[in-house]
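*Asks:* For the sequence shown, the working numbering assigns the number 1 to the initial residue and increments by one for each residue that follows.
Hints are computed from structural coordinates only; laboratory data are not their basis. Positions of the beta carbon are idealized from the N, C-alpha and C atoms, including for glycine. Check the hints yourself; a few may be wrong.
Said to hold, decoys possible - If you anchor each label on the Cβ, the simulated ranges turn out as follows:
hint, residue 1, residue 2, range
1, 94, 252, 35 to 41 Å
2, 306, 430, 37 to 43 Å
3, 307, 161, 18 to 24 Å
4, 94, 29, 40 to 46 Å
5, 269, 306, 36 to 42 Å
6, 369, 280, 24 to 30 Å
7, 243, 395, 26 to 32 Å
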Amino acid sequence: MIELQNKRVLVMGLGLHGGGLGVTRWLLKQGARVTVTDLQTESELATTLEQLRDANVKFVLGEHRGTDFENADLIIRNPGVPRESPFLKIAREKNIPIRMEMGLFTELLPRGMSQVIGITGTKGKTTTTLMTGAILKRANPKTVVAGNLRISALELLDQIDADTPVVLELSSFQLEEFEELKRSPHIAALTNVYPDHLNRYRDLDEYTWAKAQIFLHQAPRDIVILNFDNGVCTRLRPKAIGQVIWFSRTRAIKQGARLERDWLVWNDKNGSHKILPVADLIQGEHNIENALAAIAICKAWGAADQTIAETLREFQGVPHRLELIRELDGVQYINDTTATAPNATIVALKTLAPRGGTIFLIAGGSDKGLRYADMARTIVETRARVILLDGSATQKIENALTAENAASLIIQHAETLQEAIDVGRENARAGDLVLLSPGAASFGMFANEFERGDKFRELVSRL
């Protein structure tokens, strides 16, 4: 670890998710001389900059300058910055070290990766992380939960000692540094892999490889949790060095967590243990899968069955993920803004369709290089009606529906989220749902998916 006192540290990418802000504050506490550079402008970053108003930081906004990358002692890149950036190439040519937050954080832990439980996956990683964190906090109140959760892990270091379990949600972007450092958590979980972020990665194989870094550098004493129902996970099995534990909704497995009739069950060499009836779990087929993953993780860690059951029974879900905002005139308004890929919207539609009534789906946004044929088929199967937001993915959704001879399911193109909500309200009747589950990113209309969800919540609350 480089000594930071009086070192020139360049933070590349401040962003609006909170991570860049936390990294900057932590670096200042270490005595570093910090410069922040971001392609976004001062007005675009206003909410983050306000929190650094009195800090001794130099800002270079709206551009990157080659000289800043040539003269730094250390560069911290935001996960959203591709490692192929030409400015990072400048730094590499000068042999300037380039790090990311998660690499620094795990390096500074008292026991390093041996106290880390890492969780990744295309879908379900946040819910699984928070379920796992809640269970382990009940078992050990010292437990810390961090990662891809809009807070900086570095700012939590003061709370962590050698006996602290550290639960990390890790994105594919964050895991890129684990490949460079040849480092994986002691307990690693991969919930699933589906096409996503193909505007960042060349193809699904490259994206999968980034996800797999969570376990590829383990030792034989380590543990990897994999989803038996996901084809990519089963294909990755031969690459695992650590002990493999499965979870499954559909298969009978001897070692792992499974769905057995109407129970979540843990199987091991000591037999079968009923953990929780499905009826006691938060609703949604996807939450069965998330809970099975959390059970497998927590049993691998050593949590008691009763601790797991009590926590899962109390778990109420995650904001922005199939979050019921309100019911008005018999119509439910549901916020699923974190559905930034078509597979997530498919899950939302299949989860909500059995409730009956018509789903008025607010969809569309910024394209991530994904395909929408399966999402269009699910829209048809669930008989949803569609309100499209502006964005580069929107035409792809419309084309996919047209290919299914279902363009008539599109009610309207909405220029604003307010207009989309208004259209939903005008058309919905008692028993129907207005669902924000875009199947696309939010860039262009909003800073990120969380701002989009917050705006949806605000607008719906005003109805």
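*Asks:* Mind checking the hinted window 18 to 24 Å against the Cβ distance between residue 307 and residue 161?
*Replies:* Once the Cβ atoms are compared, 21 Å apart, the range 18 to 24 Å for residue 161 and residue 307 holds.
*Asks:* Lying within 24 to 30 Å: is that true of the beta-carbon distance residue 369 to residue 280?
*Replies:* violated, 40 Å
*Asks:* Return holds or violated for the Cβ distance of residue 94 and residue 29 against the range 40 to 46 Å.
*Replies:* violated, 27 Å
*Asks:* Range first: 26 to 32 Å. Now tell me if the beta carbons of residue 243 and residue 395 are that far apart.
*Replies:* violated, 47 Å
*Asks:* If you check the beta carbons of residue 94 and residue 252, does the distance land in 35 to 41 Å?
*Replies:* violated, 56 Å
*Asks:* Does the beta carbon distance between residue 269 and residue 306 stay inside 36 to 42 Å, or does it fall outside?
*Replies:* Roughly 20 Å apart at Cβ, these two residues miss the hinted range, so it is violated.
*Asks:* Could one say that the CB atoms of residue 306 and residue 430 fall in the range 37 to 43 Å?
*Replies:* With Cβ atoms ~41 Å apart, the hint holds.
Consistency note: the structure conflicts with the earlier hints numbered 1, 4, 5, 6, 7.
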